[in-house]
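S.K.: Here are the chains, one letter per residue:
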Amino acid sequence: MELPVLPTDKTGEGNVIVTSLDTLFNWSRLSSLWQMSFGLACCAIEMMSTAAAHYDMMRFGVIPRPSPRQSDVIIISGTVTLKMASRVKMLYEQMADPKYVISMGNCSNCGGPYWEYGYHVLRGVDRVIPVDVYIPGCPPRPEALLEGLMKLQEKVRAQGKDIEFTE
Amino acid sequence: MEQLGIIERLQSAFGETLGVWHASNSESAYARRMGSFFQVSDPARLLELAFFLRDEPALAFDSLLLLSSVDHGDGSLSVVYHLESTVYRHQIVLKITRPMAQARVPSVTSVWSHANWQEREAWDMMGIRFEGHPDHRRILLEEDYPGHPLRKYFKEPDFYHGMKVPN
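Protein chains in written order, with the working numbering: chain A, 1 to 167; chain B, 1 to 167.
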């Protein structure tokens, strides 16, 4: 008995795609941004709920990884204290290239409510590591985090190419 | 036991020079109870006093509700002890004041073991040494943090581990 051969787009069988290597790499990277499972403060609670069933961050290819060696993106979710800042920097340095940073929430953007009198707070995680996307909010809603994630994906898509990335 | 009765009891055991009772004249009964305090004059007798308060059957102050510290802004620091007896439900507040240059008081960890972390916090934030403390480290900030941030004239460092601190 012969099985019918179905035309399918899912497997890509029988189809040929012509592309540049850069585009392919960028597409692969943006479709599987593995996130370091790392939370700092109350923003981390929002981040966890973004990863849970209702907002389902995994549909964007974001999988929490417990090791910096296996992760592509680190979401700085919360207040970066001076004590934590050197640890954050070390984690970032342990990640393999290409690596991306999302700064989630006002605290990690600029110090947030600790701007004036936070003797123990780093006023912005960009003082120790380079940030790709800043997400405002205190804490940002899951929709905002997803929006920031999609912005990062657009940025990765435009990487190394002569197209302009618009904020 | 009423608070004045407790003070009379203390003064009959230790003498009139033990300290001075400062009564609050607030309208609220709770504020009168927790706002009145006994100013202990000699820190060398604090430990003896603390053991007496805990072990005397009629007093039985078996719980240190709160150990806090005050910077008066005039060059003196205070440690405030809120004590409660879970047997008799009575409370008393002790206060001990030291000039900033000799900010040393005996540790009461041997009397109430839950003073341990609270004394470490008072050291961390206000810079008060507790003599005889079993583990006299900072509790929140890093060991090499310059200064004690809750002091009135504390100035945060410009740089900490190469990171710029003020905004």
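Hints in this document: simulated from the structure, not taken from any laboratory. For glycine and all other residues, C-beta sits at the position ideal for the given N, C-alpha and C. Certain hints may be false.
[Stated by the list, open to error] Listed below are several chain A residues computed to face chain B (Cβ distance under 10 Å; list not exhaustive): (1) TRP34; (2) THR81; (3) LEU82; (4) ALA85; (5) ARG123; (6) GLY124; (7) ARG127; (8) VAL128; (9) VAL131; (10) LYS161.
S.K.: Give a verdict on every hint.
M.R.: Okay, the hints, checked on the actual structure:
1. TRP34: Constraint on TRP34 of chain A not satisfied, violated at 28 Å.
2. THR81: With Cβ-Cβ at 9 Å, under 10 Å, it holds.
3. LEU82: With a minimum Cβ separation of about 5 Å from chain B (threshold 10 Å), the hint on LEU82 of chain A holds.
4. ALA85: holds (6 Å)
5. ARG123: holds (5 Å)
6. GLY124: With a minimum Cβ separation of about 9 Å from chain B (threshold 10 Å), the hint on GLY124 of chain A holds.
7. ARG127: With Cβ-Cβ at 6 Å, under 10 Å, it holds.
8. VAL128: holds (6 Å)
9. VAL131: violated (15 Å)
10. LYS161: violated (34 Å)
The structure fails to meet hints 1, 9, 10 from the earlier list, while all remaining hints are met.
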